[in-house]
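There are 2 protein chains.
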Amino acid sequence: MTQIIPAIMSGGAGTRLWPLARVANPKQLHALMGERTMLRETLERFSSAPDVFQPSMIVCAEGHETIVREQLADMDEPPRLILEPMGRNTAACAAVVAYWVAAEAAPDSLVLLAPADHLVSSAAAFADAVRRAIPAARDGRLVSLGVRPTHPETGYGYIRLGEPIGDVFEAAQFVEKPDRATAERYLAHGGYLWNGGYFLFRADRMIAEMERHAPEIAARAREALERGAPTAAGGLLLNAEAFAAAPSDSVDYAVMEKTDQIAVAPLDAGWSDVGSWASVWDASAKDEDGNVLIGDALAIGSSDCLIRSDSRLIAAVGVKDLVIVAAGDAVLVVPRGLTQDVKKIVNRLADLKRHELL
Amino acid sequence: MTQIIPAIMSGGAGTRLWPLARVANPKQLHALMGERTMLRETLERFSSAPDVFQPSMIVCAEGHETIVREQLADMDEPPRLILEPMGRNTAACAAVVAYWVAAEAAPDSLVLLAPADHLVSSAAAFADAVRRAIPAARDGRLVSLGVRPTHPETGYGYIRLGEPIGDVFEAAQFVEKPDRATAERYLAHGGYLWNGGYFLFRADRMIAEMERHAPEIAARAREALERGAPTAAGGLLLNAEAFAAAPSDSVDYAVMEKTDQIAVAPLDAGWSDVGSWASVWDASAKDEDGNVLIGDALAIGSSDCLIRSDSRLIAAVGVKDLVIVAAGDAVLVVPRGLTQDVKKIVNRLADLKRHELL
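Residue numbers (the numbering used here), protein chains in the order written: chain C, 1 to 358; chain G, 1 to 358.
Simulated from the structure, these hints should not be mistaken for lab results.
For every residue, glycine included, the Cβ atom is placed at its ideal position computed from N, Cα and C.
Treat the hints with care, as some may be off.
Okay, the calculated beta carbon distance ranges per label pair [said to hold, decoys possible]: (1) D304(G) with K343(C): 41 to 51 Å; (2) L352(G) with D310(C): 13 to 23 Å; (3) D310(C) with A232(G): 38 to 48 Å; (4) D341(G) with E44(C): 41 to 51 Å; (5) D310(C) with A172(G): 53 to 63 Å; (6) L352(G) with A31(C): 18 to 28 Å; (7) D76(G) with E35(C): 33 to 43 Å.
In the DSSO-like style, the derived pairs of lysine-lysine whose C-alpha atoms are separated by at most 27 Å in a straight line are [to be verified]: (8) K258(G) with K320(C); (9) K343(G) with K320(C); (10) K353(C) with K177(G); (11) K286(G) with K344(C); (12) K286(C) with K344(G); (13) K286(C) with K343(G); (14) K286(C) with K286(G); (15) K320(G) with K320(C); (16) K320(G) with K343(C); (17) K177(G) with K353(G); (18) K320(G) with K344(C).
Start from the sequences and build out the full structure, keeping to the hints where you can.
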């Protein structure tokens with residue numbers, strides 16, 4: 001069976017998970033649930049299905065090379081690393097990956113572009129979904145994995161499914177983040193999936209569509225790769241001048257929403273982007289009071305809280321629906337319904353030039 | 001003018017102010033507001049009125065001698081220390097002080113028994129109130145300073161004022177902690193004062209009333225003093241065997257509510273026992289959002305909170321009426337209306353044998 005090269009995008013910071021996630025130590029490098037870091041969980045998801053996936057490669061920030069390598073140190077064959085000198089969003093990343101795979105493997109190699117910081121509870125169901133998408137990808141389609149919604153989420157984009165193409169579907173429509181009522185209609189309808197950020201494609205087909213719909217990104221990414229240089233530790237560092245010149249855009253906007261070569265494969269594998277502390281609470285096992293207590297946490301007369309400490313005791317009494325996180329040199333307290341506002345703290349700290357806290 | 005020996009009772013732990021107040025480092029040894037510790041503020045209150053007060057003496061726990069002496073190290077003449085081998089409440093403390101002053105100074109010396117951990121915003125008004133109570137004390141009365149209520153507090157005992165005796169009053173009635181409606185009537189009435197825990201008396205008169213109404217406490221306290229021994233640092237350590245045998249009772253119950261020799265002097269000096277984090281918030285200056293922020297604290301979209309950190313940043317977003325305190329190896333989060341429940345945390349930690357956190 002055709003095997004796929006997973007390209008793990010580990011470039012984000014996940015600042016809505018401050019104070020755990022920091023610029024120098026982002027979300028995907030932490031164990032959010034369980035023992036392993038999200039990056040290692042992601043790698044494991046692929047290596048657990050060797051009939052579908054070849055060894056992974058990772059694209060991460062230049063500044064994270066050391067900490068990423070530390071997390072991979074015990075692996076027999078650590079993944080190849082491509083290092084971005086700065087973040088240019090996912091389109092440039094996808095282009096770099098496509099050019100690199102076309103040159104290093106083969107132009108028609110299959111690539112799965114995958115975020116490093118998502119939670120997927122069933123690796124087997126994930127591999128099944130990808131397996132079903134392979135024929136369409138082989139045929140030249142750019143296949144987006146669409147997550148089967150579990151609730152009327154207003155924070156994600158949706159894809160409306162069109163006609164079936166084998167085991168996958170045409171994409172009839174991309175929809176921006178909907179309002180609550182619309183999200184509820186989508187959920188009831190059943191034919192709307194969340195845009196999960198996973199893309200399966202043949203390297204040469206992504207290159208062709210990128211060159212057609214986002215030629216500037218394609219050209220700069222290709223140049224950044226060609227002018228790239230090896231790092232002392234064995235990574236491939238993209239050329240900063242060229243990569244900086246690549247327009248910053250998402251692969252969704254730059255390519256997927258423009259090409260007529262898209263397909264959608266439904267994914268129903270217990271997915272969460274754990275993009276906020278509220279979604280961490282959602283995805284976690286709770287005690288009888290609805291609390292998620294991680295580390296040295298004591299809750300008395302409290303319910304439906306997430307309390308997480310990396311060292312010192314956090315003691316809460318008489319609180320409800322609250323998120324309390326102590327990590328490193330900072331403590332966060334925010335109502336569970338307002339965890340999107342954690343960004344306000346990060347922005348304020350940046351304004352205050354408290355860089356040691358970012 | 002007759003001068004008074006202030007006897008500062010520094011024996012409590014103030015566990016409702018956990019995690020700042022700890023067994024080994026109790027409330028009165030912290031700077032709760034401003035720069036100086038409560039003990040130093042209390043000493044300053046007396047030394048600032050040398051026409052009324054002689055140098056103070058301090059009664060504290062044996063285990064606190066070192067840390068108390070550290071706080072007094074920069075004083076020209078540090079106060080004499082009497083050390084309790086264990087806490088026996090205020091009656092035994094009052095008896096020890098009375099016997100000690102009668103022997104070391106003179107039987108008719110005036111003593112002001114004063115808690116170390118109260119806030120008094122006007123030292124001048126405090127000295128005035130004491131000054132007005134001196135004639136009654138000289139005449140043999142045990143004079144309680146009664147705090148003029150500022151709100152319908154249900155957490156304190158009240159004293160109903162009787163007939164005037166010079167500048168002070170007879171005590172017509174002691175009232176246990178009232179319910180809310182009763183407290184509101186007392187406030188409207190005006191003739192009910194809070195029992196503030198300050199007592200002015202002649203040493204020989206306290207001894208006489210203690211021997212009459214609480215003879216066992218008097219005998220054990222006297223024995224503990226007579227069998228006391230000097231510490232290496234110069235304190236007087238009460239005899240543990242004798243002091244342990246003294247019944248544990250408050251001076252209010254043991255003597256003041258039984259004797260007919262009581263008088264009450266109104267005190268209107270900006271008093272607070274700062275007995276909970278809510279009362280710390282009450283007594284503190286607030287920003288325009290009603291927040292009290294002490295140390296490295298950041299509040300966004302938050303109001304009427306007390307946020308206090310001794311080191312790490314505490315960042316709160318979107319919270320209201322919340323107390324967040326980080327001190328040492330612990331973080332407390334509790335609604336401002338439930339700060340009495342902090343005791344539940346301390347009790348639970350004791351049950352869990354987490355002695356390092358107490």
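Discussion item. I'd like to know which numbered hints this structure contradicts. Please list them from smallest to largest.
Written reply: Hint check: 1, 7, 8, 10, 14, 17 fail, others pass.
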